[in-house]
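Q: Below are the chains, spelled out letter by letter.
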Amino acid sequence: MSYLQLDAVAKHYGSRTVLRDVSIDLKAGEFVSLLGPSGCGKTTLLRIVAGFDQPDSGRVVLEGRDISGLAPAKRQMGMVFQAYSLFPNMTAQENVQFGLRVRRQDATTQQKRARELLELVGLGEHAQKYPHQLSGGQQQRVALARALAISPALLLLDEPLSALDAKVRVQLRDEIRRIQQETGVTTLFVTHDQEEALSISDRVVVMHDGVLAQVGEPAAIYGEPANIFVARFVGAVAELQGVVADGSAGMVTVLGRQVAANRARGMAAGTRVYFLLRPETVRLGPPDAAGMLHGTVIARTFYGALTSLKVEIVGGSDCVTAAMASGDAVNIAIGSTVSINWDPDSPRLLVA
Amino acid sequence: MSRRTHNLIPGLGLGVIGLYFVIPLVATGAFSLWEGGDKYGLAAYAALIHQPKLWQSLGLSVRLAIQTILVGLVVLVPAVFWLNLRVQRLRPLFDFLSVLPFVVPPIALVAGMTTLYTGPDWFVGTANYLVVPYVILALPYTYRALDVGMRALDLKTLTEASQSLGAGWMTLIFRVVVPNLTTALIGAALLTIAIVMGEFTFANILLFNTFAVYIDYVGQTSATQAAALTLLSFLITWLAMLGVLFTGRGGRGQVQIGGAR
Numbered sequence: 112m113s114y115l116q117l118d119a120v121a122k123h124y125g126s127r128t129v130l131r132d133v134s135i136d137l138k139a140g141e142f143v144s145l146l147g148p149s150g151c152g153k154t155t156l157l158r159i160v161a162g163f164d165q166p167d168s169g170r171v172v173l174e175g176r177d178i179s180g181l182a183p184a185k186r187q188m189g190m191v192f193q194a195y196s197l198f199p200n201m202t203a204q205e206n207v208q209f210g211l212r213v214r215r216q217d218a219t220t221q222q223k224r225a226r227e228l229l230e231l232v233g234l235g236e237h238a239q240k241y242p243h244q245l246s247g248g249q250q251q252r253v254a255l256a257r258a259l260a261i262s263p264a265l266l267l268l269d270e271p272l273s274a275l276d277a278k279v280r281v282q283l284r285d286e287i288r289r290i291q292q293e294t295g296v297t298t299l300f301v302t303h304d305q306e307e308a309l310s311i312s313d314r315v316v317v318m319h320d321g322v323l324a325q326v327g328e329p330a331a332i333y334g335e336p337a338n339i340f341v342a343r344f345v346g347a348v349a350e351l352q353g354v355v356a357d358g359s360a361g362m363v364t365v366l367g368r369q370v371a372a373n374r375a376r377g378m379a380a381g382t383r384v385y386f387l388l389r390p391e392t393v394r395l396g397p398p399d400a401a402g403m404l405h406g407t408v409i410a411r412t413f414y415g416a417l418t419s420l421k422v423e424i425v426g427g428s429d430c431v432t433a434a435m436a437s438g439d440a441v442n443i444a445i446g447s448t449v450s451i452n453w454d455p456d457s458p459r460l461l462v463a
Numbered sequence: 074m075s076r077r078t079h080n081l082i083p084g085l086g087l088g089v090i091g092l093y094f095v096i097p098l099v100a101t102g103a104f105s106l107w108e109g110g111d112k113y114g115l116a117a118y119a120a121l122i123h124q125p126k127l128w129q130s131l132g133l134s135v136r137l138a139i140q141t142i143l144v145g146l147v148v149l150v151p152a153v154f155w156l157n158l159r160v161q162r163l164r165p166l167f168d169f170l171s172v173l174p175f176v177v178p179p180i181a182l183v184a185g186m187t188t189l190y191t192g193p194d195w196f197v198g199t200a201n202y203l204v205v206p207y208v209i210l211a212l213p214y215t216y217r218a219l220d221v222g223m224r225a226l227d228l229k230t231l232t233e234a235s236q237s238l239g240a241g242w243m244t245l246i247f248r249v250v251v252p253n254l255t256t257a258l259i260g261a262a263l264l265t266i267a268i269v270m271g272e273f274t275f276a277n278i279l280l281f282n283t284f285a286v287y288i289d290y291v292g293q294t295s296a297t298q299a300a301a302l303t304l305l306s307f308l309i310t311w312l313a314m315l316g317v318l319f320t321g322r323g324g325r326g327q328v329q330i331g332g333a334r
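These protein sequences, in sequence, are chains A and B.
Sequential numbering of the first sequence, starting at 112, is according to this note's numbering.
Sequential numbering of the second sequence, starting at 74, is according to this note's numbering.
Please note: incorrect hints may appear among the correct ones.
Reference excerpt, derived from the structure (chain B facing chain A, CB under 8 Å, subset only) [said to hold, decoys possible]:
| id | residue |
| --- | --- |
| 1 | Gly132 |
| 2 | Val135 |
| 3 | Ala234 |
| 4 | Gln236 |
| 5 | Leu238 |
| 6 | Ala240 |
| 7 | Thr244 |
| 8 | Asn253 |
Label pairs and their calculated CB-CB ranges [claimed, not checked]:
| id | chain 1 | residue 1 | chain 2 | residue 2 | range |
| --- | --- | --- | --- | --- | --- |
| 9 | B | Leu173 | A | Ser273 | 40 to 46 Å |
| 10 | A | Gly233 | B | Arg159 | 32 to 38 Å |
| 11 | A | Gly334 | B | Pro151 | 38 to 44 Å |
| 12 | B | Trp155 | A | Ser273 | 27 to 33 Å |
| 13 | B | Phe196 | A | Ser246 | 52 to 58 Å |
| 14 | A | Asp276 | B | Trp155 | 34 to 40 Å |
| 15 | A | Asp276 | B | Asn201 | 53 to 59 Å |
| 16 | A | Gly233 | B | Phe94 | 52 to 58 Å |
| 17 | A | Arg131 | B | Leu173 | 54 to 60 Å |
| 18 | B | Leu158 | A | Gly140 | 57 to 63 Å |
| 19 | A | Gly140 | B | Phe319 | 51 to 57 Å |
| 20 | B | Phe196 | A | Asp276 | 58 to 64 Å |
| 21 | A | His123 | B | Asp168 | 28 to 34 Å |
In short, the hints are calculated from the structure, not lab data.
C-beta atoms are modelled at their ideal positions from N, C-alpha and C, and glycine is treated no differently.
Could you put the whole structure together from the sequences, leaning on the hints where they help?
A: The following block contains the structure:
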């Protein structure tokens, strides 16, 4: 039985539909990310789980109990918000104790638990500081400790890293995952950052226009996108138009050339497809007749260890991007003609 | 024009304005000490101190100020909280209502109020009745002070954070909202004190002997004592204003919303 079940949840604001019959199951102890662009409904879904918004139809079921009509205060869910949400009049320790104080636990238990959690998030020495004396990253750690203090049935994270700078964001992201694994708390994490979602989740739910675009493990979401939206939204991809030339041989016609793509096997000849190439699967080489496609290098972007080269394909205005070791990329000049190759297992094909 | 002359002009301007305020006060102070001829002393103050009616009127005004603060805050804290949390679309209406006391003349207010507000003797037959117009008079200041204080907090997030931790509305208001509004609440209270201590029209028309009415009465019988009382009244108002200034400075309690530090 699933631990948390969202059953055909729908939500409208006036004439605008925000969620259309969304159903998701979470297993106990699972870390699931809701990933999608702004306005896709992910935050609304999280708020419905938290009880801050009510669904127009559908149910939220936690451990077999329908909690759709339950007030937020009665749901036993810890939440970390995008905005800094610590109570400014309380120290870090008092913030962490707040939920326990509301539950009338004795002072010694409150203090012991607060200290444990502040240690867990690495802020044991900052217990007596007020929020304005803490950095943004520290405030979010305290907020995480505060949410965990009540031993929540579910931990809800509403883009808690988005206000932080890049380095702190990565550190805190990894810590959230470590703490989640240590505590075993079932977690629902909302983000628009694909890297965040892919790096710390057991499963990722990609949302688009109020519906689930794909649900799966991070590797599957990246490697086997179920539709063109997921392919475009998760990771970089070169998107070419193709037509299956020979389903038995795994050949696809792209820009007038027949190229190899094993995923075309079994598809009917003449099927129009999106031919998708991830940058890391593209190999550039000297122009030769054996090249699957040819093109001209038109741009180079240096990322440190990797450099990405943008190549305009001969015979059209389409481009592919190749990510390669910076040491190798140095030898390929902008304006040079190159062959474009890939492993036949690499291209993803989606029926257009 | 030399640089020195250039710097002198603002200083001169400020000096003239300062004199405009200070000279009447010094003159009032000097007059309050005048005992006839070329004799100066504290006779007017001594005479005032021994008049029981002064203390009665002062006590009444202080009591009314406290009652006004309590009623005003009990009505306005939840109202402004709800305005900022849930019904922001009503802000223009609240803004309009809050400035009505500036637009409607006190004489019109008192006429309307005596028709509208009736009730038991302990209310309409005593000075308690003045709390009604005083709350209305203090409304613009109390509302503004609270609204500014609440806008500085991210009320929505704080509310949701406390609710997710299991807190009810009362816990939220008394443990989270009010403690973070200390500056705003003190500001509103001190402004109310300043208004109530100096209010004359309502008390005089409704025949209650408040501090301002007593100053007027003394002014008709003893000019020097009236000057002494006027200074005392100024002193109370200034102390209240100083309180507003000092409580408005520094202190924690401002929530930071977004942005890495």
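Q: For each hint, tell me whether it holds in the structure or not.
A: A quick look at each hint next to the structure:
1. Gly132: 34 Å, violated
2. Val135: Violated: closest Cβ of chain A sits about 29 Å from valine 135 of chain B, beyond 8 Å.
3. Ala234: 4 Å, holds
4. Gln236: 4 Å, holds
5. Leu238: It holds, given that the least Cβ distance between leucine 238 of chain B and chain A is near 4 Å, below 8 Å.
6. Ala240: Given a least distance of 5 Å, the restraint on alanine 240 of chain B holds.
7. Thr244: Nearest chain A Cβ about 6 Å off; hint holds.
8. Asn253: 5 Å, holds
9. B/Leu173 with A/Ser273: 40 to 46 Å: Given about 43 Å between the Cβ atoms, the range holds.
10. A/Gly233 with B/Arg159: 32 to 38 Å: Hint holds: Cβ distance 37 Å, inside 32 to 38 Å.
11. A/Gly334 with B/Pro151: 38 to 44 Å: Violated, at about 55 Å.
12. B/Trp155 with A/Ser273: 27 to 33 Å: Once the Cβ atoms are compared, 29 Å apart, the range 27 to 33 Å for serine 273 of chain A and tryptophan 155 of chain B holds.
13. B/Phe196 with A/Ser246: 52 to 58 Å: Since phenylalanine 196 of chain B and serine 246 of chain A have Cβ atoms about 54 Å apart, the given range 52 to 58 Å holds.
14. A/Asp276 with B/Trp155: 34 to 40 Å: 36 Å, holds
15. A/Asp276 with B/Asn201: 53 to 59 Å: 58 Å, holds
16. A/Gly233 with B/Phe94: 52 to 58 Å: Once the Cβ atoms are compared, 57 Å apart, the range 52 to 58 Å for phenylalanine 94 of chain B and glycine 233 of chain A holds.
17. A/Arg131 with B/Leu173: 54 to 60 Å: Hint violated: Cβ distance 47 Å, outside 54 to 60 Å.
18. B/Leu158 with A/Gly140: 57 to 63 Å: The hinted range 57 to 63 Å is violated for leucine 158 of chain B and glycine 140 of chain A, with Cβ atoms some 35 Å apart.
19. A/Gly140 with B/Phe319: 51 to 57 Å: 53 Å, holds
20. B/Phe196 with A/Asp276: 58 to 64 Å: 60 Å Cβ-Cβ, so the 58 to 64 Å window holds.
21. A/His123 with B/Asp168: 28 to 34 Å: At roughly 31 Å between Cβ atoms, aspartate 168 of chain B and histidine 123 of chain A fall inside 28 to 34 Å, so the hint holds.
Of the numbered hints listed earlier, those contradicted by the structure are 1, 2, 11, 17, 18.
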